[in-house]
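Enquirer: With the hints as a guide, dock the two chains, each given alone in a separate frame, to form the complex.
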Amino acid sequence: MKVKAKFFAAMREALDRTEMEIELPSGATVQQLVNLIAEQYPVLRSYLDSTLVAVNRKYALPQTELHDGDEVAFVPPVGGG
Amino acid sequence: MKLFEITTEKLSVDEVVARLADPAIGAISVFVGVVRGDTEGRKVRYLEYEAYPEMAEGMLRQIGDEIQARWKTIHKVSIVHRVGRLEVGEISVVIALSAAHRPELFDALHYAIDRLKEIVPIWKKEVWTDGSEWRSER
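Top line first, the protein sequences correspond to chains A and B.
Under my numbering, the first residue of the first sequence is numbered 1, with each subsequent residue one higher.
Under my numbering, the first residue of the second sequence is numbered 1, with each subsequent residue one higher.
Note that these hints are calculated values from the structure, not bench results.
Hints should not be assumed to be uniformly reliable.
What the hints assert, rightly or not - Short, incomplete list of chain B residues facing chain A, as computed with Cβ under 8 Å:
#  : residue
1  : Val-30
2  : Gly-33
3  : Thr-39
4  : Met-55
5  : Trp-71
6  : His-81
7  : Gly-89
8  : Ile-113
9  : Leu-116
10 : Lys-117
11 : Ile-122
12 : Trp-134
13 : Arg-135
14 : Glu-137
To be verified - Within a straight-line C-alpha distance of at most 20 Å, the following computed EDC-like cross-link-like pairs (lysine to aspartate or glutamate) qualify:
#  : chain 1 : residue 1 : chain 2 : residue 2
15 : A       : Lys-58    : B       : Glu-5
16 : A       : Lys-4     : B       : Asp-65
17 : B       : Lys-76    : A       : Asp-68
18 : B       : Lys-10    : B       : Glu-66
19 : B       : Lys-125   : A       : Asp-68
20 : B       : Lys-10    : B       : Glu-87
21 : A       : Lys-58    : B       : Glu-66
22 : B       : Lys-10    : B       : Glu-90
23 : A       : Lys-6     : B       : Asp-130
24 : A       : Lys-58    : B       : Asp-65
25 : A       : Lys-58    : B       : Glu-118
26 : B       : Lys-125   : B       : Glu-90
27 : A       : Lys-58    : B       : Asp-130
28 : A       : Lys-2     : A       : Asp-68
29 : B       : Lys-43    : B       : Asp-130
30 : A       : Lys-6     : B       : Glu-48
Note that the structure is predicted; figures quoted are calculated from it, not measured.
From the three backbone atoms N, C-alpha and C, an ideal C-beta is built for every residue, glycine too.
The shape of chain B in the complex, shown without the other chains (with noise of 0.2 Å):
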């Protein structure tokens, strides 16, 4: 089972965190991204995610080997992102870390989430009722 993948089917939290099954482990953190209905006061249709996946899987997999390196009580991290059209209210990632322990979790699941808008190559184009735009925090 991939711990770090682009898929273009429905995502399920469950299933994710399912990946991470180990006896050794006593807590899973998890960060939920959802398709938002609207930004800046304009109403989301829909988004369209894009990304070059066998780059965007290596990078995936790079800040798994990152959080590992800084926090040593990570036990395993597992990134799901979904691409292709998603309509408002679906996820388009999750993101799950566990650890035998919680007090490292939080930290690196925001580590996570930061990184992943940073460096890993997925693009996200809103499709508004009047229009449409690649969108980027960088």
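Just chain A, same shape as in the assembly (with noise of 0.2 Å):
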């Protein structure tokens, strides 16, 4: 199956990208997700210790199973107001 990954902020410069399609096992859940973007992408290794997950537009959990076509953002710490 395939999800949409979004990045933003410090990540997404860090990256140099704001979203990709991220192929993984039928199943997978968040915590793999995150798992396999440590492992494949380096320069966002610093940043995932300290960032939320959302899935489809809410907070998920590490153990939050994923579904094909679903939107999975990395939301590090927010500083709005």
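Expert: Below is the structure:
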């Protein structure tokens, strides 16, 4: 299955991309996606510990199961206001 | 008219307050966030705000729902946040709450700005004369 990963702020700049499609085994969880990202994109590793993940625009847990076509956003510490 | 919005347009306090217009209300509390010209002694040239707008608007709406669940007298909530390049002195966010009477408006307003800084996917880059950094209170 494929999910669409989105990146913002410092992570977007480090990666120099706003989004990408990622192929995952069916039934993969948020944690498995995070592990894959850490492995394939070393430049993002330092951000991942402090980053939350949103699936289809809602905050998700590491054990949340992903589905084909999901929009998965990496949310580094926010700073609105 | 949207009550919860991420926009690149300049913000006007009057325009946001007008979104709450209703003969049933007797009071409005407003928080206005403004771009400060220095942080920890460094001079800020400008701020660059970025949002995940589709999610951010949903989270702003969630804050409104949380407020109305907790403080039953709050009639309406509107939160509008600007993104893009903002100069010192410009308005970054306007939060406005309405009610028939004033007692709960201040607590609810305080909650709204704290919650915004905690959960809404908006990021702020400070650009100084000698560098820049993405900043968070989290």
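Enquirer: Now look at each hint and say whether the structure bears it out.
Expert: Do the hints match the structure? See the list:
no. : hint                    : result
1   : Val-30                  : violated (14 Å)
2   : Gly-33                  : holds (5 Å)
3   : Thr-39                  : violated (12 Å)
4   : Met-55                  : holds (4 Å)
5   : Trp-71                  : violated (20 Å)
6   : His-81                  : holds (6 Å)
7   : Gly-89                  : violated (16 Å)
8   : Ile-113                 : holds (6 Å)
9   : Leu-116                 : holds (5 Å)
10  : Lys-117                 : holds (5 Å)
11  : Ile-122                 : holds (3 Å)
12  : Trp-134                 : holds (4 Å)
13  : Arg-135                 : holds (5 Å)
14  : Glu-137                 : holds (7 Å)
15  : Lys-58(A) to Glu-5(B)   : holds (17 Å)
16  : Lys-4(A) to Asp-65(B)   : violated (29 Å)
17  : Lys-76(B) to Asp-68(A)  : violated (38 Å)
18  : Lys-10(B) to Glu-66(B)  : violated (27 Å)
19  : Lys-125(B) to Asp-68(A) : violated (33 Å)
20  : Lys-10(B) to Glu-87(B)  : holds (11 Å)
21  : Lys-58(A) to Glu-66(B)  : holds (16 Å)
22  : Lys-10(B) to Glu-90(B)  : holds (8 Å)
23  : Lys-6(A) to Asp-130(B)  : violated (29 Å)
24  : Lys-58(A) to Asp-65(B)  : holds (15 Å)
25  : Lys-58(A) to Glu-118(B) : holds (14 Å)
26  : Lys-125(B) to Glu-90(B) : holds (15 Å)
27  : Lys-58(A) to Asp-130(B) : violated (37 Å)
28  : Lys-2(A) to Asp-68(A)   : holds (5 Å)
29  : Lys-43(B) to Asp-130(B) : holds (9 Å)
30  : Lys-6(A) to Glu-48(B)   : holds (19 Å)
In summary, the structure is inconsistent with hints 1, 3, 5, 7, 16, 17, 18, 19, 23, 27 from the numbered list given earlier, while agreeing with the others.
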